[in-house]
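Chemist: Please build the complete structure, drawing on both the sequences and the hints.
Protein chains in written order, with my numbering: chain A, 1 to 340; chain B, 1 to 340; chain C, 1 to 267; chain D, 1 to 267.
For the record, the hints were derived by calculation from the structure and aren't laboratory data. All figures in this text were calculated on a predicted structure; none of them were measured in a lab. Cβ atoms here follow ideal geometry from the backbone N, Cα and C, with glycine treated the same way. Be aware that a few hints might be false.
Unchecked claim - Example chain B residues on the side facing chain A (calculated, C-beta under 7 angstroms, incomplete): (1) Leu69; (2) His248; (3) Trp324.
Said to hold, decoys possible - If you anchor each label on the Cβ, the simulated ranges turn out as follows: (4) D/Arg158 - B/Glu22: 49 to 57 angstroms; (5) A/Ala50 - D/Val99: 13 to 21 angstroms; (6) C/Leu215 - B/Ala51: 51 to 59 angstroms; (7) C/Ala183 - A/Gly24: 47 to 55 angstroms.
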Amino acid sequence: MSGAPRTSGPALVPGLLPHTVELGCEFGPLLLKSPLLAASGCFAYGQQFAAFTDLRALGGLSTKGISPLPRHGNPLPRICETAAGMLNSIGLENVGVEAFVRDKLPFLRDLGISVWVNFFGTDFATYIECARLLGGAPGVDVLEMNISCPNIKQGGIEFGTVPEVAHRLTRACVEVSGAPIVVKLTPNAGDIVGMADAVRQAGAMGVSLINTITGMAIDVRSRRPRIATTYGGLSGPAIKPIALRMVHQVATALPGLPICGMGGVLSGEDALEFLMAGAGCVQIGTANFAEPGAVQRITAELRALMAELGLRRVADAVASLRPWPLEAAYQTPAAGEFST
Amino acid sequence: MSGAPRTSGPALVPGLLPHTVELGCEFGPLLLKSPLLAASGCFAYGQQFAAFTDLRALGGLSTKGISPLPRHGNPLPRICETAAGMLNSIGLENVGVEAFVRDKLPFLRDLGISVWVNFFGTDFATYIECARLLGGAPGVDVLEMNISCPNIKQGGIEFGTVPEVAHRLTRACVEVSGAPIVVKLTPNAGDIVGMADAVRQAGAMGVSLINTITGMAIDVRSRRPRIATTYGGLSGPAIKPIALRMVHQVATALPGLPICGMGGVLSGEDALEFLMAGAGCVQIGTANFAEPGAVQRITAELRALMAELGLRRVADAVASLRPWPLEAAYQTPAAGEFST
Amino acid sequence: MTAAQFEARVAANTRLGGGYFSLELEAEEPTPVAAARPGQFVMLRGAWGRELLNPRAFSVLHAEGKRLTILAKAYGQGTRRMWALRPGEPMTVTGPLGVGFPDPDPEITDLLVAGGVGLPPLHMQARVAAAAGLAGKQELFYGGRDREDLVLLADFERWGVAATLATEDGSVGVRGYVTTALAPRLEQARAAGERVRVLSCGPTPMLVAVRQIGLAHEVQTLLCLEENMACGFGVCLGCAVPVHGVKPYRYCCTDGPVFDARELRWP
Amino acid sequence: MTAAQFEARVAANTRLGGGYFSLELEAEEPTPVAAARPGQFVMLRGAWGRELLNPRAFSVLHAEGKRLTILAKAYGQGTRRMWALRPGEPMTVTGPLGVGFPDPDPEITDLLVAGGVGLPPLHMQARVAAAAGLAGKQELFYGGRDREDLVLLADFERWGVAATLATEDGSVGVRGYVTTALAPRLEQARAAGERVRVLSCGPTPMLVAVRQIGLAHEVQTLLCLEENMACGFGVCLGCAVPVHGVKPYRYCCTDGPVFDARELRWP
Ligand SMILES: Cc1cc2nc3c(=O)[nH]c(=O)nc-3n(C[C@H](O)[C@H](O)[C@H](O)COP(=O)(O)OP(=O)(O)OC[C@H]3O[C@@H](n4cnc5c(N)ncnc54)[C@H](O)[C@@H]3O)c2cc1C
Ligand SMILES: Cc1cc2nc3c(=O)[nH]c(=O)nc-3n(C[C@H](O)[C@H](O)[C@H](O)COP(=O)(O)OP(=O)(O)OC[C@H]3O[C@@H](n4cnc5c(N)ncnc54)[C@H](O)[C@@H]3O)c2cc1C
Ligand SMILES: Cc1cc2nc3c(=O)[nH]c(=O)nc-3n(C[C@H](O)[C@H](O)[C@H](O)COP(=O)(O)O)c2cc1C
Ligand SMILES: Cc1cc2nc3c(=O)[nH]c(=O)nc-3n(C[C@H](O)[C@H](O)[C@H](O)COP(=O)(O)O)c2cc1C
Ligand code: FES
Ligand code: FES
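Modeler: Put into structure tokens, the structure is as follows:
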């Protein structure tokens, strides 16, 4: 397969030279060197990747989710593979705020790329504590607030699925954080636009879409779930169509709200789909496991593809999707909705 | 790959001879010849498959969704492929109740397998009309009520996502139908257990889980959605982990409610996963496109696998999942929930 | 000649340049595809797991006994994998499917207008005609981007079928679109009172142009369409083609892939 | 000896019976895997698209210069595809990863307890020892289901490493589990005041038994574990191993795959 010739489709405009493509872009108040970032939980705290890739080629990275106290994570097995995807139930294992700021942050700060610190709590108080401590730490560009964990006890699930609760939680964190807050939403919520709007009104700078989707797999021989906690979070290319749809829904309903899109990006073309759907930047998660240089490769692919399509700046791509022309003879009059 | 030797894992009990496995099973009040049925929209009205496969080897089939009047469907493109899945927006194109009963039903009735007629309306009145006309037609074993179409105007989306609305709609249809009603739920609903419970209390004989998940794909060269209606329904192996999880959630929360599971079944092992998760029978959809004999092959695989695992009857498999033993040293004390 | 699904193995995979390749498959026994008419197609799928779910449609280029050959271009996921297939690798075939072109007619000249991977149905039409001694009633109009985009030309030469070539870069034949040569030919036929019809297959923009030219000249124009297909045998309803009439759609896989230009609800 | 990710091609794929195969890969240049110790591993992934996302872990059987070899059994999706790979096909390799077994020691006899695809680390330990003239300090205990489950025995013979074999069906060696032979050997060592340690790799139930026997006899017991891995370099946190101590888990890929039996929070 790898040797097959590249036969390109019709270019929209004459191509550009790749080096003339400008990947630097704005995301809300931020200036990113590139719209491609490494996703939370898939890049640890960055160090392990230095042996494999040039971390400065990244637009930024989001850290493993940080909680006030260290967490040890879930029983095993914690991961398994599914068709074009994987399930995980790591259990938000992390070193805790104190060790993170002391041991991990200095390394990240020195990279000169956008540092997003993903965090979560188990209740209002711990969320707020995290936002205060991390949002004030030097070198933190964004606090990415994970309200998606379907596992936390004490009504935690409501953080990610009930708009009013998410609104209150976001407002409380925004008030104490020195850094802008991007809220990471869960696709398990029934009404993703309602959730995005709720956190936007609470002062979130933007939203990250999407976290993993709750899923399950069974080993029929042992008759056990393949993940010890029965359910796990589905990531990878399998979820890309769902992620793209949610990004497009939110971008269409709430124009102007910065969206960081993610879910199954493995190539520059995948990343461009997210930009066109309305994401201002894109995170890459699962792809890093197989290929520690994934973000760098995908960045090169994105640049080449943008050049081929005559897209000089990231802003030329963002939300540039064209609707199907209703006047075309290929269309029946009533379009715009779908059913199977 | 095809030539690789089969090296089986540890059998739980000594294997059985495949012909001693009894695939006939109960599903609510029904007696099925096999727990494997063809899924709605993926088998048309059956005839096309007669050239390729023995339709009598099926446990049953669910027809393309029927509405009171014929429908012509959506503009094109209507389908596209995604990683381990496909999107479709056919638009519920169908011949309408009258032509169905006159031209299609007799063929199905004569097959001697369980005939599930999938139906939908555009409002309360048309749903009820369908249930009355189809539920009274001879040869209809089950009415599978599709409340999942995210596209129908006039608040149609509420049918599938708001429990009270689904409850009222189901009750109204159950009252006029001569055949038992199985309600097909949408995974786009935030609270799948709440939806299942609502329709159960309204008199549904069971539930079908899951319909397609709303998704999107973009052709970056034309900058257009790959589906003319922008969004389409995602099916295939990509969604299997999500479907299994929903089946397990409903089976666990509402034991006794018959569940017809589906989503991405391509093999006997996939089907057995659904049975173990709690489905009493399983539908096979997208697999039929590539392989018109898919249901028959999967049935043979299921039989062989059940024999290997010592499962003599379907009931031995249904909801037979074993939890991870909490006492095992592999476990930390607090288990049972998951997070990424 | 009802369709069947059967297993076959790659007998040969020949790279023709420009990403084109002809793939020859062999089954255990003679297959029903051997009876395929020009324009009929098969659905093909390799042993490529769960990633690519659905088979892809390919016009039959040639089929006889246990063997069948298709012509394709490495483009998307499926054709790129097929490009790399090696002899002995398995493929699942379903076919023959669809309704093809009408038989060559001694009274009528077929103007075969081909673009890119649209060549196979017209190639088979020319072969069938040549075998029936009607090569003189076939004329090929074949367009592509460049020299590499025009393949299997030697066959037409061998059969004695005249060919008008066009490339966008002018490297072979006239520079520009193949459709440019069609209108004058139709004028000429009209002037000479010659009976002609147009059979065409290729990229949609080309077919749109062929249709307009054919309709303008009031000659029968038959277009072989390539819609996205999931099943190929009338079940998924994915391959709808917009038509005039009571029903807004017909199906590429069962009603086509060959449609009369007048029928299409196209620009 | 830091790990790298590099491309390689299949140089040879040898089927050994029973679904076992040894896969030899060759890179363009000498690779860091050549420095791998017994017990270290590589992550391998073929050009198999988006269906199988993550690479699979394989112990290094042998590596030198540009070449590296692994031993595997066709079992799941990945190994079944690998079983079918042909010379020239590409694979992506990451490694060497993890912490391996300690060096052979002239003062200590290594009792190498292997089951199934757990052979490679012990095979390499024996080879390294033999090269250092310490073959006499290595003893293999190797168990499987049947004759076909025991592979590469000739190597141990050539190196002069004594082997005790066990099969569940009794077709080779003693009938039953290989662990049955371990306890008497440890008794004997204790009685003779001989310094021994146990190095083991294989299916988890076997390792559980080896651990209990080793602990009961108070000899150093090092187990090479095979947890599900997504990354292999300490990032996904999927390969947690339950241990005693303040933290309930360590990581198979970076802290292991070799763990001291005492450390494991196992039955
Ligand atoms: C009846 C029928 C007959 C056909 N006969 C042939 C044939 O003989 N030979 C042949 O090569 N193809 C033929 N096709 C087209 C072929 O089935 C599709 O192009 C198929 O999508 C290719 O599969 P893929 O996986 O490579 O690309 P996909 O991944 O399915 O396609 C990706 C995208 O690329 C587009 N695309 C695919 N191929 C091309 C191309 N060559 N140029 C520009 N855009 C393209 C598709 O429309 C799609 O949007 C036929 C189609 C039909 C319906
Ligand atoms: C450090 C390390 C070293 C390893 N070294 C080797 C090695 O040298 N050779 C080797 O063959 N494997 C080795 N493995 C195991 C191998 O990585 C896994 O078995 C891998 O899952 C196989 O991939 P697959 O796609 O074939 O199976 P998957 O699809 O990933 O596995 C499906 C299921 O089968 C189970 N399974 C996989 N293989 C077997 C088997 N042989 N017997 C019983 N159950 C099995 C898995 O646990 C999983 O639950 C090693 C693993 C680790 C962590
Ligand atoms: C192993 C693993 C761990 C993850 N941990 C976190 C986390 O700590 N916080 C978070 O917000 N998202 C976490 N995620 C979700 C990813 O950041 C991302 O949203 C998701 O995986 C979809 O992107 P992908 O398909 O590119 O992986 C994790 C994902 C994986 C696979
Ligand atoms: C092309 C297509 C058409 C479908 N049409 C219907 C339909 O008319 N009514 C319905 O309830 N489900 C419909 N479905 C959903 C399937 O019945 C099934 O729920 C879904 O595809 C998941 O199963 P699968 O992954 O095995 O395909 C359709 C699915 C596809 C792919
Ligand atoms: S391709 Fe499925 S109906 Fe035509
Ligand atoms: S395999 Fe990813 S952390 Fe060990």
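Chemist: If a hint holds in the structure, say so; if it doesn't, say that too.
Modeler: Results of checking the hints against the structure:
1. Leu69: Status violated, d = 15 angstroms.
2. His248: Status holds, d = 6 angstroms.
3. Trp324: Since chain A brings a Cβ to about 5 angstroms from B/Trp324, closer than 7 angstroms, the hint holds.
4. D/Arg158 - B/Glu22: 49 to 57 angstroms: holds, 54 angstroms
5. A/Ala50 - D/Val99: 13 to 21 angstroms: At 20 angstroms between Cβs, range holds.
6. C/Leu215 - B/Ala51: 51 to 59 angstroms: Because 36 angstroms falls outside the window, the suggested range is violated.
7. C/Ala183 - A/Gly24: 47 to 55 angstroms: Holds - the Cβ-Cβ distance for C/Ala183 and A/Gly24, about 50 angstroms, lies within 47 to 55 angstroms.
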